Amino acid sequence: MSGPDYTLEEDAILRGARHVAGVDEVGRGPLAGPVTAAAVILDVRCIPDGLDDSKKLTPSRRALLAEAIMTRCDWAVAHASVEEIDRLNILRASHLAMCRALAGLRRRPCVALIDGNMLPRDLDLPGQAVVGGDARCLSIAAASIIAKVFRDRIMVDLAQQHPGYGWDVNAGYPTPAHRQALLDLGITPYHRRSFAPVHNILCKAEIASC
Numbered sequence: 001m002s003g004p005d006y007t008l009e010e011d012a013i014l015r016g017a018r019h020v021a022g023v024d025e026v027g028r029g030p031l032a033g034p035v036t037a038a039a040v041i042l043d044v045r046c047i048p049d050g051l052d053d054s055k056k057l058t059p060s061r062r063a064l065l066a067e068a069i070m071t072r073c074d075w076a077v078a079h080a081s082v083e084e085i086d087r088l089n090i091l092r093a094s095h096l097a098m099c100r101a102l103a104g105l106r107r108r109p110c111v112a113l114i115d116g117n118m119l120p121r122d123l124d125l126p127g128q129a130v131v132g133g134d135a136r137c138l139s140i141a142a143a144s145i146i147a148k149v150f151r152d153r154i155m156v157d158l159a160q161q162h163p164g165y166g167w168d169v170n171a172g173y174p175t176p177a178h179r180q181a182l183l184d185l186g187i188t189p190y191h192r193r194s195f196a197p198v199h200n201i202l203c204k205a206e207i208a209s210c
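One point on numbering: in the UniProt record's numbering, the residue at position 15 of the sequence shown is 15, and numbering is uninterrupted.
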């Protein structure tokens with residue numbers, strides 16, 4: 001399968017859209033840390049070479065492409081906190097981060113191309129849900145790279161504050177080592193209490209204290 005292209009953006013432009021933003025998020029699955037979203041409006045005259053789904057790129061390649069995107073494009077990154085994830089649920093928190101990222105762009109987009117099968121219910125501009133968008137659409141691929149790079153940096157910083165969980169390596173995802181660290185070290189303020197592995201530990205601790 002070939003990589004992402006500019007077809008969806010061109011279609012929107014042909015329909016009259018002047019600025020088309022791609023939006024993606026990272027961090028739905030981890031047990032710890034925020035969910036992070038990015039929005040990117042590409043300049044068709046200087047699209048960085050090699051844009052692809054961030055999951056297909058090495059960390060060093062992602063970092064280089066993120067720098068190129070930030071230099072050449074209109075971009076913004078935003079987050080929903082652990083507290084918001086636990087209060088809203090992960091889907092709604094992801095959509096909140098997406099809307100915040102769109103609001104952070106210098107130019108208001110005419111259309112937002114959103115990775116996934118659902119548009120945020122609070123989206124205040126025309127949008128198109130694109131299943132597998134980070135592998136199909138260049139602006140969504142660019143957003144996936146920015147979101148991944150920024151969230152990974154956050155998790156590296158948090159790993160220094162809370163050593164032992166391996167967040168600098170696992171980015172908060174539920175690896176066997178992270179799950180074991182939860183049992184050995186306990187739960188931090190950055191763990192998502194609404195997620196089953198964390199919630200179950202809290203329940204066991206509550207039962208044990210009775």
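Check before you lean on any hint, since a few could be wrong.
[What the hints assert, rightly or not] Per label pair, the in silico range of CB-to-CB distance:
no., residue 1, residue 2, range
1, His199, Asp43, 40 to 48 Å
2, Gln128, Ser2, 44 to 52 Å
3, Pro176, Ala103, 34 to 42 Å
4, Cys46, Arg92, 33 to 41 Å
5, Leu125, Gln160, 36 to 44 Å
Just so you know, these hints were derived from the structure itself, not from any lab. Here the structure is a predicted model, which means the values were calculated and not measured. For each residue, glycine too, the CB sits at the ideal point set by N, CA and C.
| query | Cβ-Cβ distance between His199 and Asp43: within 40 to 48 Å? | reply | holds, 45 Å
| Does the Cβ pair Leu125, Gln160 satisfy 36 to 44 Å? | Since Leu125 and Gln160 have Cβ atoms about 38 Å apart, the given range 36 to 44 Å holds.
| message | Quick check: does the Cβ-Cβ distance between Cys46 and Arg92 fall within 33 to 41 Å? | response | holds, 35 Å
| said: Taking the Cβ atom of Gln128 and the Cβ atom of Ser2, is their distance within the range 44 to 52 Å? | reply: violated, 20 Å
| query | Okay, Pro176 versus Ala103 on CB: inside 34 to 42 Å? | reply | holds, 38 Å
The earlier numbered hint that this structure contradicts is number 2, and it is the only one.
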